[in-house]
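> What follows is the residue order along each chain.
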Amino acid sequence: VSLLPALVVTYVLFGLDLALRPFIAFGNPPVEPWRAPYFVLPFVVFIALNAAPMTVLWASLSIGLLTDLISGTYTLAGGLQTVCIVGPNALGYLAAGWVVLTTRAIMMRRNPLTFIFLSMLAAAIASLVAVGILACRQMIGLGEPIRFVGTEQLSARLIASLLTGISATVLLFAFRPLTSVFGFDEPVGRRYSR
Amino acid sequence: VLTLAVGGLLILSVLPAWMLAPIGGLSRVAGFALEPEQAAINWLLRGLRTASGGERESEELRKAHEEAELFKGKYYTELTDNARLRERISQIEGTLALTPGLNIEAKTASVIGLSDGNSRLVSIKAGRDVGVTAVTSVATVRGTQLLGRVVDVDALSCRVLLIDDQSTPAFDALLMAPISATGEQAASGTAPSAPFDALEEGIACNLKPIGNGLLAGNVKIIRPSERVAGGGGTGGGTGGSGRAPKAAAPQPKEQMVVRLRDDRWPALAQMLVVGVVERIEYRDLGHVYVIVRPAYGDLRALGEVVLRLPAATTNSRTGASGGGGGS
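From first to last, the protein sequence lines stand for chains G and C.
So in the working numbering, spot 2 of the first sequence is number 2, and the numbers just go up one at a time.
So in the working numbering, spot 197 of the second sequence is number 1197, and the numbers just go up one at a time.
Excised from the complex, chain G in its bound form (with noise of 0.2 Å):
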């Protein structure tokens, strides 16, 4: 994967990640945990969709860990003080392009449905992990415990994942015709293809 052109689409989606997601969350105002599509995620399941395996864990994993230094700031318990936590959105990232590369050979990758399911997919198991993570640090409760309600947090991920289908639908658009410029080879049922 070319890491210039990868570079600037990770910045552009992590912008309107942060800053998109509260106008199109549900609820007037939106409650936290949004509901909101995620635009990040697709971008990895694209990645996981088209390059070398070890790429692929390992560009999963770095976008996770900018997920988690950008938006992995909770509140301790006493109100007072935040915390960064690194490494539940890095290792539910890690967990979803893996799963996509061991389906990927199965599914027929030139179908935008499977981009789009692919997405769903890899944001609900990314939520899985990362609020999983979360309850064990709660459980096992080294200092002083952060503002974390596990059913509240997973409930408001699922349907973020779910809704993530709709930005997959969008940023296919915007993802097929880079894909050389990203540097990945055009899927090789097109070779057959008139």
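Just so you know, the hints here were simulated from the structure itself, not pulled from any lab data.
No residue lacks a Cβ here, since even glycine has one placed at the ideal position from N, Cα and C.
Fair warning: there could be bad hints in the mix.
[Stated by the list, open to error] Here are a few chain C residues that face chain G, going by a calculated C-beta distance under 10 Å:
#1 1026
#2 1030
#3 1040
#4 1211
#5 1299
Position chain C against the provided structure of chain G, taking the given hints into account.
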């Protein structure tokens, strides 16, 4: 290497907060890099909302309203400070020097965006460079409506934890009837002749965020007999010295304005508007429960806030800007 990275991240995930403090710096760098894009998209979206006929108010009316709110806040602050001083004068005789007139600097700052959807944090484009300090600075909307307390600050930006975030600790507040244009109390249980009465016979409550952007808590009606126990008379405009006839206890009503009055909050946040009483519930054992909605409106439409900074911080800087206001 990947396995090691996964192991390392797993350990990082469960480390206590104090050990993760250095990562906060990295997080701020990442946030700083995204600020321009986030602010640009936010600005664009706010513009679109306004253009599509969102909340548009006459500019003059809005300014007049803001000014009135500002004066009301100052007025109430003065009144409560007076009352408190009267009641405790004997106790604080030797410590009066510790509470000189409070100097507050107000600084307008633009909103970068809402943080990340995990908690109700708002990123503001003002940091240590303009004297913002964690915990002792607060953010307001239009200078009167309390938005929240600054919980994290770096060189150029800060994060404000909203008062209705569920991790905000419970705080005390006073319920007050809104003052009508003629200066009369609009909806007080005792129908007083001046707003001073409502303050003196204030309705205290202890509010706690309950989710969905709401605050709720039990009401404690401060009866005149409880208050006068210290001996200072009711004082003020009503001429309440001596034996005033016993008035009925004031009752909470919908649309009453709720103002912060809690010593655990910085002095510069006292008497700022917390919100408006949305609902009142009468529960068992005579408990009255109020549900309050902060009146800062839709956060997504919030373009700028007014930060209230302690003067001690701002004095130490040179060339600090912003309009001040003692209270």
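> For each hint, tell me whether it holds in the structure or not.
Hint-by-hint comparison with the structure:
no.: 1; hint: 1026; verdict: holds (6 Å)
no.: 2; hint: 1030; verdict: holds (4 Å)
no.: 3; hint: 1040; verdict: holds (8 Å)
no.: 4; hint: 1211; verdict: holds (7 Å)
no.: 5; hint: 1299; verdict: holds (6 Å)
Hint violations for this structure: none, all hints satisfied.
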